[in-house]
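S.K.: Sequences are here, hints too, so could you generate the full structure?
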Amino acid sequence: QVQLVESGGGLVQPGGSLRLSCAASGFTFSSYAMSWYRQAPGNERELVATIGRSGRITNYEDSVKGRFTISRDNAKNTVYLQMSNLKLQDTAVYYCKAPSFPSWGQGTQVTVSS
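All letters in the sequence shown, in the order written, are residues 1 to 114 by the working numbering.
Simulated from the structure, these hints should not be mistaken for lab results.
Glycine included, C-beta positions come from ideal geometry on N, C-alpha and C.
Hints should not be assumed to be uniformly reliable.
To be verified - Distance windows between CB atoms, simulated:
#1 61 x 41: 13 to 23 Å
#2 104 x 59: 12 to 22 Å
#3 46 x 82: 10 to 20 Å
#4 114 x 32: 31 to 41 Å
#5 85 x 43: 14 to 24 Å
#6 31 x 87: 26 to 36 Å
#7 46 x 8: 13 to 23 Å
#8 45 x 19: 19 to 29 Å
#9 56 x 88: 28 to 38 Å
#10 30 x 59: 14 to 24 Å
#11 113 x 53: 33 to 43 Å
#12 75 x 101: 13 to 23 Å
#13 41 x 75: 28 to 38 Å
#14 28 x 88: 30 to 40 Å
M.R.: Dropping the structure here:
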């Protein structure tokens, strides 16, 4: 079955950086687009970024454009989210997902605070 394990979250000051990782298994990783979502307290889960199968095509939610970069390593079945210039409003639990499958991982907490 599809398994997604996110890691790399933590506490960071405004303006700081973090890199999230998501290890995927249970499907042919290189054949599917991958996405990162986030959910802040009291808010609905929102799509942050998506990357195509080969990594050449990426899309971002407007508020993270220019600050976040999604990438993937198909040899390692891993998708990444490099987050820079973090803001207080980026605080959330971050999840990766293969849009073609219903499964979610446990998420990783990102807290931006001074």
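S.K.: Could you work out which earlier hints the structure fails to respect and list their numbers in ascending sequence?
M.R.: Per hint list: zero violations.
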